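Peer 1: Going by full-length UniProt numbering, the letters in the sequence shown line up with residues 1 to 273, in that order.
I should point out that these hints are in silico values taken from the structure, not numbers from a laboratory.
Careful, some of the hints might be misleading.
[Said to hold, decoys possible] Label pairs and their computed distance ranges (CB to CB):
(1) 79 <-> 239: 10 to 20 angstroms
(2) 200 <-> 242: 39 to 49 angstroms
(3) 177 <-> 236: 23 to 33 angstroms
(4) 227 <-> 155: 17 to 27 angstroms
(5) 235 <-> 144: 35 to 45 angstroms
(6) 259 <-> 227: 16 to 26 angstroms
(7) 144 <-> 14: 19 to 29 angstroms
(8) 206 <-> 236: 39 to 49 angstroms
(9) 59 <-> 173: 19 to 29 angstroms
(10) 231 <-> 173: 34 to 44 angstroms
(11) 173 <-> 259: 14 to 24 angstroms
(12) 8 <-> 173: 15 to 25 angstroms
(13) 14 <-> 235: 15 to 25 angstroms
[What the hints assert, rightly or not] Calculated cross-link-like contacts (lysine-lysine; reagent style BS3-like; alpha-carbon spacing at most 27 angstroms):
(14) 102 <-> 262
(15) 234 <-> 37
(16) 262 <-> 208
(17) 208 <-> 240
(18) 154 <-> 108
Computed from a prediction, not measured in an experiment: that's the story for all the values here.
Idealized CB from N, CA, C, for every residue including glycine.
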Amino acid sequence: MSAFTDAQTRDYYESYSDVYALIWSQQMHTGYFDRPKNLETACADMNHYLAAVAEITAGSSVLNVGCGRGGTDRFLARQFDASVTGIDISQRQLEEASREAKQAGLDKAIRYEYGLMTALPAADASFDYVWVQEALFHCHDKNQAVREFHRVLKPGGRAIIEDTVLLHPAAKAEVMAAFGERVFINSLSTSAEYEEAFLAAGFRLVTKNDLTDHLASTYRAIADYIAANIQELKQKIDQKYWPTLENDGGRERTLKLVEEDKLGCVCLVFEKS
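Modelling step: build the complete structure from the supplied sequences, incorporating the hints.
Peer 2: Okay, structure coming up:
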């Protein structure tokens, strides 16, 4: 497998931005399925869940790494009166997020910058929280990214990580072929490898929760939504994306990996010592 670049990751998300927006709306991540619900509601509920687990406090400062279209930023600004900075490598998504924040009347609470997680455009000890939701797995130097999270956090600040992880190292080749290469990931980590990296950087683990069942439910919800709305979706997107909607075997293979306990999802909260 050839190494993917940041530019390839950026181009992937910019190419499919409109498609993903139709399916996920403004929050493209795993949903929280504690009961039957649609994907948009489940994704919003995942934000509530992560904020509760991380114990986000009112009026805090949050750096959202890999902010995408900014749905989580608007949630944090509204729910916690937080001062939010979103960074991403997609200029298109940053522009969309900035526009949405302004339309929501939150442009004074949220600002956006282009940036890499391995070289965060932020001063030392400047944030109460670093929020990284399904973005760290794209990073080509995760250890450096973790050191950057530590650098920009205030003493006692917390890093909230929600990510897709490898559950069994023996299945790595199979997982990377079916999932990693499809979404431009060079190397998928285990939860234990994340913990090791954060501890080495000077963090302590606060909590760890398995979200694999929610990942499986998310993939099922995506498949159900596409099947029920295929004609409407095709009217709204470029014809070149129709094959992805009609016969995306990648989603099926990924769900199979989750059901076979080879691919999972985890929530990790760390505190800067």
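Peer 1: List in ascending order the numbers of the hints, as given earlier, that are violated by the structure.
Peer 2: 1, 4, 9, 14, 17
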